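Protein chains in written order, with our numbering: chain A, 2 to 299; chain B, 27 to 285.
Careful, some of the hints might be misleading.
What the hints assert, rightly or not - The following label-pair restraints were derived from C-beta to C-beta distances: (1) A:Tyr132 <-> B:Leu78: 48 to 54 Å; (2) B:Asp194 <-> A:Pro97: 54 to 60 Å; (3) B:Arg129 <-> A:Phe243: 31 to 37 Å.
Said to hold, decoys possible - Which chain B residues face chain A? A few, computed with CB under 7 Å, are given here: (4) Glu116; (5) Thr128; (6) Glu260; (7) Arg267.
Stated by the list, open to error - Far from chain A, by Cβ distances over 12 Å, these chain B residues were calculated: (8) Asn42; (9) Asn49; (10) Gly101; (11) Ala106; (12) Ala176; (13) Asp222; (14) Pro225; (15) Glu264; (16) Asp268; (17) Lys270.
The hints are simulated quantities; they were obtained by calculation from the structure and are not laboratory data. Source: prediction; values computed, not measured. Virtual Cβ for every residue (Gly too), placed ideally from N, Cα, C.
Here's the letter readout for the chains.
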Amino acid sequence: MNFSPNLIADLQQMLQYQFMQHAFEAGTMISIMAGVVGYFVVVRRSAFAAHALSHIGFAGAAGAVVLGVLLPWVTPIYGLLAFTIIGGITMTVLAPRAAQRDTEIGIVLAFMLGLGVLFISLYTGYATEAYSILFGEILGISSSSVLLTVAAGLGVILAVSIVYRPLLFSSLDENVAEAKGLPTFWLGVVFMLLLAIATSFAVEVVGVLLIFSLMVTPAATALHLASRPGRVLLISVLIALFSTWVGLFIAFYTPYPVSFFITAISFSIYLLVRRFHHHLKIGPSKAGEPIDHAQPGP
Amino acid sequence: MKVIEAEALSAGYGENMIWGGANFSVDQGEFVAVIGPNGAGKTTLFRLLLGLQRPLAGSIRVFGAEPERGNPRIGYVPQAHNIDEQSHIESLELVRLGISGTRWGFSLFSQDDKRAALSALESVGATELAHRPLAELSGGELQRIFLAEALVSSPDMLLLDEPLSNLDMRREKDLLRLVNGVVRSRNVTVVLIAHDINPLLPYLDRVIYVANGKVASGRPEEVLTSDRLTAMYETSIEVLRDSKGNVAIIGIEEGLGDK
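Start from the sequences and build out the full structure, keeping to the hints where you can.
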């Protein structure tokens, strides 16, 4: 493919290919999911849970590949979903409080990765599958996978719109939310389910190892740009979308992997915002003011 | 009207009683301090009032009924908040969640909760902090925001767990004056856990003293006397007063409350 200075023509040329259409459709939905769920990941300080779930998903995907030898309809996404959901719920049950959950997450992670090792040894022809799960393979996505991704994305958006305020409240101020009668444990379970689903699909784009670039980096960047949850959420989604779209576009015209470009773009935005956010802050808060650390916080 | 009534109340976890045989009551509109050594079971009392924990024995009634989690008449400020330098959310939004955070579903256009949040911020003198991220606030400013978060749903009773820890003396005084203003102007009952009773003495209607497995309650000058505490704890306890009216309780040591 030849890249020309006419970007519109380039886009038209790229979107003539069905695999690029699929990649854009799935990538868009996944970026929205990851941007939204990623915001709660950052607010709940659950980055380690996101990391662990993606790796647990790797074991699940490996299991699905093994099972797929017997049952051809079993694709890696089912294994990803099953393992991340089971892993996420186990973590919540073992450590109901969102804070200080790291130990339990690590313990569940280690066990389920152990299963992954077993599955890999059971299936000898595994290397290429493993590579695509580790680093993503959005360009090979089938139309039925796109449909499944869209359905999952709509489900995640619907669920978040129902639990939005209680989940935000229990993420920010769990003790008060509990005293106010919110089901903080079940909200934790709902969060883990959303995280499991978003992670499983995001693995298709950027892979297990690069999941943070869609799941954490956009939301963490957005936090520097706004201080109202609604705006942060929107900016987080926009950064995830921008990274994915531009990543796909560049990858189409170069011989290098999509997931590299997506991670590089989202990281670059993060660095730029870290450097310049005092000039960019959206909303009325007074940026650039010295932080008063005279009093230690509680 | 009695807002809290405890009869032969015992509290603890499982088999372990932390304190027992407590009888006390609190009237509407009173400013009450809960004091006592670390680990004596002051926060446990709050957990009973909030319905987060059941009594081991005896009865406790809040607004004439058994405590139940999620009572909208109670505003609560816990000791621990997960606020740190990563909390970029602005104050107004946290206060707003104090009223909208228990509502399911989405509401893009309702501004009622925002107005309520702004007026709660105004009542704690924190209007100018509304759009500042929590991460940038000092300890004293944060306490005012938490107070607004608790007040935003217009509760009849406030439970404040150690709001004075981490504050220097001047900010401690400012916060107490503010809380006292809430008690007197809105007829809200405030129960406040504190480590040191002295800064509170000018404002208090009642003190609940929790130590060594027992609970004493009454007006401060009634309860905090050598005779009363000595009789209650069956060990020699002295209450000393200096020329400014500050009290020191000698004989109950830190840590004894754990037993």
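Hint-by-hint comparison with the structure:
1. A:Tyr132 <-> B:Leu78: 48 to 54 Å: This hint holds: roughly 50 Å between Cβ atoms.
2. B:Asp194 <-> A:Pro97: 54 to 60 Å: violated, 36 Å
3. B:Arg129 <-> A:Phe243: 31 to 37 Å: holds, 32 Å
4. Glu116: This hint holds: Glu116 of chain B lies near chain A, its Cβ roughly 4 Å from the closest one there, short of 7 Å.
5. Thr128: Holds, about 5 Å.
6. Glu260: Check failed: Cβ of Glu260 of chain B comes no nearer than 36 Å to chain A, outside 7 Å.
7. Arg267: violated, 31 Å
8. Asn42: Fine: 21 Å to the nearest Cβ keeps Asn42 of chain B off the interface.
9. Asn49: holds, 25 Å
10. Gly101: violated, 9 Å
11. Ala106: violated, 6 Å
12. Ala176: violated, 8 Å
13. Asp222: Holds, since 17 Å exceeds 12 Å.
14. Pro225: holds, 16 Å
15. Glu264: holds, 33 Å
16. Asp268: Non-interface label on Asp268 of chain B holds, nearest chain A Cβ at 28 Å vs cutoff 12 Å.
17. Lys270: Per Cβ check, Lys270 of chain B is outside 12 Å of chain A; nearest 26 Å; holds.
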